[in-house]
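Engineer: Sequence:
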Amino acid sequence: MGLKTSFDRSELPQDLAAITHFPPVSDHLTPPAQQANSHYTPFPLTTRKIILSDETLGEAARFEMLASRYDCIIGSSPYINSLVRIVSRINGIFLAAREGKQASYQLCCYNDFLNESPPTTNKGTVGISRLESFGLNEINRDVFNASRCACQMANIETKLLDSGLPSTITPSFILSLHSTLSAIYSPGVSAGLRNHDFSAPRPIQGESIYRPPSPLELPVFLKDLAAFINDSKLSPSIKGALVHYQTEATKMFSSHTEQLNCALLIGLWQNAGLIKRLILPIAVTPALETSKREKSCNLIGSRPLKPKCK
Numbered sequence: 002m003g004l005k006t007s008f009d010r011s012e013l014p015q016d017l018a019a020i021t022h023f024p025p026v027s028d029h030l031t032p033p034a035q036q037a038n039s040h041y042t043p044f045p046l047t048t049r050k051i052i053l054s055d056e057t058l059g060e061a062a063r064f065e066m067l068a069s070r071y072d073c074i075i076g077s078s079p080y081i082n083s084l085v086r087i088v089s090r091i092n093g094i095f096l097a098a099r100e101g102k103q104a105s106y107q108l109c110c111y112n113d114f115l116n117e118s119p120p121t122t123n124k125g126t127v128g129i130s131r132l133e134s135f136g137l138n139e140i141n142r143d144v145f146n147a148s149r150c151a152c153q154m155a156n157i158e159t160k161l162l163d164s165g166l167p168s169t170i171t172p173s174f175i176l177s178l179h180s181t182l183s184a185i186y187s188p189g190v191s192a193g194l195r196n197h198d199f200s201a202p203r204p205i206q207g208e209s210i211y212r213p214p215s216p217l218e219l220p221v222f223l224k225d226l227a228a229f230i231n232d233s234k235l236s237p238s239i240k241g242a243l244v245h246y247q248t249e250a251t252k253m254f255s256s257h258t259e260q261l262n263c264a265l266l267i268g269l270w271q272n273a274g275l276i277k278r279l280i281l282p283i284a285v286t287p288a289l290e291t292s293k294r295e296k297s298c299n300l301i302g303s304r305p306l307k308p309k310c311k
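One rule links them: number in my numbering = place in the sequence shown (from 1) + 1.
Calculated directly from the structure, the hints in this document are not laboratory data. Accuracy of the hints is not assured; some may be wrong.
Pairs of lysine-lysine residues, derived as PhoX-like cross-links and limited to a Cα-Cα distance of at most 20 Å, are as follows [to be verified]: (1) Lys-160 / Lys-277; (2) Lys-50 / Lys-234; (3) Lys-224 / Lys-234; (4) Lys-224 / Lys-50.
None of these values were measured; they are calculated from a predicted model.
With the hints as extra help, turn the sequences into a complete structure.
Structural biologist: Printed below as a string of structure tokens:
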């Protein structure tokens, strides 16, 4: 299967063009629409009856029990405020890594300290010159900017931990949240639904290609996503996973999908009572796995996957 393992958003069209086919599926299992069109197309979540295997339900239940235990044991620590900040920073750093940016935990700490130490001028706009007053010389501007983004992401996550998501999610709320995240990571760049289409390679006989919906269809998928979040009776972890799947499958946004999904997950888990005190560092493993694949495979174009990159 010719997949590129990089998730660099700037290379999104090239990544999609590298997806040339899916493993063959027997005809009696292939939906008629898929047989006729010979491509995979994302579907609305609210129109499907989602049936999960016992194994999947068991793993989801096991994860939720571990998450609740983690939240109760660590969250009851007398150092809870410090722990929330530490884990939030770590999560923000690895979310920046998912965008291909390198953040510094040390700079995050200095950034928080300067923003919270009165008196300050231009609060919230810690500059490199102010950090250099601590003896930090030759600060890399890209690392500095990534660290500031990580701190701002941590603040958003902490607020979601306190209040959760609104009782009713609307498409405008999701767009507003994405706009807020885009302003952090890409200031001055317009946010919102993807406004460009993808050109997909012509399918070879017996093969399938992946075809995201056109930009004109995305408002319908966004409305469906909001309705699914509001109405689905699935557990919070499974619902969050399907929300993540849908934003990726539709390529709903051209950038910062990881940050949006992370914020929605934390809000969903908080609303359901899965976490109450401490954020789960959910960005660490995906960021490490992405880095591991890129270093070990170093794939370009449609070069076949190596066995060790499973």
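Engineer: Each hint should be assessed against the structure and marked as holding or not.
Structural biologist: Against the structure, the hints:
Our distance criterion of 20 Å between C-alpha atoms is met by Lys-160 and Lys-277, whose separation comes to about 12 Å. With a C-alpha separation of about 11 Å, the suggested pairing of Lys-50 with Lys-234 holds against the 20 Å cut-off. Restraint check for Lys-224 and Lys-234: satisfied, since their Cα atoms lie roughly 18 Å apart, inside the 20 Å limit. Using a Cα cut-off of 20 Å, the hinted pair Lys-224 and Lys-50 holds, with the two alpha carbons roughly 18 Å apart.
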